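Participant: Sequence:
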Amino acid sequence: KSLVAQGHEIASHGYGHELVTTQSPELFRQDVRKSKTILEDLIGNSVVGYRAPSFSITSDNSWALSILVEEGYQYDSSIYERFNRTATSRHCAGRFEVNTPVGSLWEVPPSTLRVAGFHIPVAGGGYFRLFPYAVSKNLLRRLESHGATLVMYLHPWEIDSQQPRMDGPWLSQARHYMNLDRTESRLAALVEDFRFGTIAQFLARPEILAPQKSNSDNQGRLVGTAVRG
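With my numbering, letter number 40 in the sequence shown gets 43, and the count goes up by one each step, no holes.
Hints are computed from structural coordinates only; laboratory data are not their basis. Don't take each hint at face value.
As the list claims (entries may be wrong) - With a straight-line Cα cutoff of 25 Å, these simulated SDA-like cross-link-like pairs (lysine to any residue) come out:
hint, residue 1, residue 2
1, 140, 103
2, 4, 198
3, 140, 183
4, 4, 24
5, 140, 199
6, 37, 199
7, 4, 29
8, 140, 173
9, 140, 102
10, 37, 103
11, 4, 64
12, 140, 167
13, 4, 107
14, 37, 75
15, 140, 184
16, 4, 48
17, 37, 140
18, 37, 12
19, 37, 64
20, 140, 169
21, 4, 140
22, 4, 27
23, 4, 184
24, 4, 190
25, 37, 129
On a predicted model such as this, the values are computed, not experimentally measured, just so you know.
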């Protein structure tokens, strides 16, 4: 409730954090229904958004989108077209409408930048930690110049530089722990350099996050929606 009072939007990431690709339609329905019910009871507000663990809604399980509509969700943020040529420009635009047999919902994919025909991720937690902030900022300015909307995600652990280090394969450790001590300061810089709002706000009134003229080079230059989880 305190997060909602501060202006944040609470959306669902599922209850059991199970990949959609490993669930039957009925198990998926139970999972997203349980998550939605618990969150709504806790915060006293409607929960209208969903993101699948590991972006695991694909063309092979698009039935999941129909279930989301039936369970009262208004948008999904699970379709992440990365490093391929099959996605269309709509995946870079910030949002697009998906029609299912039982109704429609908005798809709000994490941001990618189209480079040489490929969709390059520019706003994910791991990529945000990997790239120097100046590189991320430049890529996001390019995203802005294409008229697109920034949809970013971070996990809470990515701003916890004091978390215990666990043993594991070198590559897994590098992926998980790289630049944890820099993420929070980079996030603070991002909030200063770009304008953000909730996804629900953006879907209801896209103009409230439109790029605006500014006397400062550091503010008001990019549409933005932020998601953490």
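Participant: Hints the structure violates: just list their numbers, smallest first.
Facilitator: The structure breaks hints 1, 4, 6, 7, 8, 9, 11, 12, 13, 17, 20, 21, 22, 23, 25; every other hint is satisfied.
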